[in-house]
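Chains A and B are the protein sequences, given in the same order.
With the first letter of the first sequence counted as 1, position 66 gets the number 66 in the numbering used here; the numbers rise by one all the way through.
Position in the second sequence (first residue = 1) + 1000 = the numbering used here.
Keep in mind the hints are simulated off the structure, nothing from the lab.
Treat the hints with caution; some may be incorrect.
Stated by the list, open to error - DEER-style ranges, computed between Cβ atoms:
{"id": "1", "chain 1": "A", "residue 1": "A109", "chain 2": "B", "residue 2": "G1138", "range": "14 to 20 Å"}
{"id": "2", "chain 1": "B", "residue 1": "Y1174", "chain 2": "A", "residue 2": "P90", "range": "29 to 35 Å"}
{"id": "3", "chain 1": "A", "residue 1": "G49", "chain 2": "B", "residue 2": "E1097", "range": "24 to 30 Å"}
{"id": "4", "chain 1": "B", "residue 1": "A1068", "chain 2": "A", "residue 2": "I60", "range": "27 to 33 Å"}
{"id": "5", "chain 1": "B", "residue 1": "A1086", "chain 2": "A", "residue 2": "L83", "range": "31 to 37 Å"}
{"id": "6", "chain 1": "A", "residue 1": "A119", "chain 2": "B", "residue 2": "Q1069", "range": "22 to 28 Å"}
{"id": "7", "chain 1": "A", "residue 1": "T93", "chain 2": "B", "residue 2": "E1168", "range": "45 to 51 Å"}
{"id": "8", "chain 1": "B", "residue 1": "K1151", "chain 2": "A", "residue 2": "T93", "range": "32 to 38 Å"}
{"id": "9", "chain 1": "B", "residue 1": "K1151", "chain 2": "A", "residue 2": "Q57", "range": "35 to 41 Å"}
{"id": "10", "chain 1": "A", "residue 1": "A85", "chain 2": "B", "residue 2": "P1103", "range": "35 to 41 Å"}
Predicted model only: the values in this text are computed from it and were never measured.
The beta-carbon is built from N, C-alpha and C at its ideal position, and this holds for glycine as well.
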Amino acid sequence: MENLSPVADEELMARFLLYNRWIRADQSVRADAFVPHPYPDLSVTRHIGLTPDELWQLGIDVAGARPATLYGRADLQAMSVRLHALEIDPTATPRNHANITGWPTEKSAQKSIAQELAAVAIFVANPTRKETPPLLPRPA
Amino acid sequence: MKSVTVQLPDDVYSRAERRAAERGATLSGEIVALVQRFSQEDQAGDDMQERDRLAAGSGLEFALQELAQVAQECSSSGWDGREAIAIKPGSVRSASEFLKGLPPDQPVPTIGAEPDGHITLEWHQDARRTLSISIASGPEIHYAALLGDRKAFGQELFLGEVPQLILELIQKIYAQ
């Protein structure tokens, strides 16, 4: 089922994480995960209209097609993407897919935006994978 | 009971956190392993200067080991589960030279990779105190930093000496 409706500012989008080094020990996400490639698009999945299980299944499908391991996802609100003059373009397939477009051409400018997105992204671990042990707070 | 003095690098706690997360081990276990490791290195040196050199050198050793792991993991295209470009041996050499060029008293970065085939070195304190540089096989390095409510990004050349601007950004990331 395709969802080509415009993306509302408050909508959540998931960036599925298939490389474990993009997840820091403190469960935050490295900017590396948001560098657009193949340029100029960054692939995300809209949460809208999906149950949590359906959303995870889409991630599992992405990983299974490679094959790769789905470590988790980084959730972003559409508003935080548009804040950096990026656009969100829904695509007909796969289900609920969208591309984040409008990236600057210069590599360091891309990195800077990727850092801003990573700073507000919320990491959610794949619930079907064994959880990593809880981390203690860093000493002052 | 015998008391001993062990020289530990400043980032021993973050190293233990990283190792625990990567290996699925306990944080306390990794701290013990690191203390044991540095205890053994302390015994190898006869004077304080030698111990300092070993402690600082071990930080570099960790980073080089991590670089080797990343290089191996990302040696084929599609390593990110999508369309990532494979990391080239020349990029690994450049990143290795960059790490070896860091002054020994500087914090050691963690190593990662971007889907366009760049190796990344990251100095990270929190979401808004973070520096990342991207290295490929050429002399250009691309950097981006968040420094509280300010940010910096651009391009520098690495010709065997770490650019002063990068060293200053590292210091800003860890400034109190």
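(request) List, from low to high, the hint numbers that the structure doesn't satisfy. (result) 2 and 3
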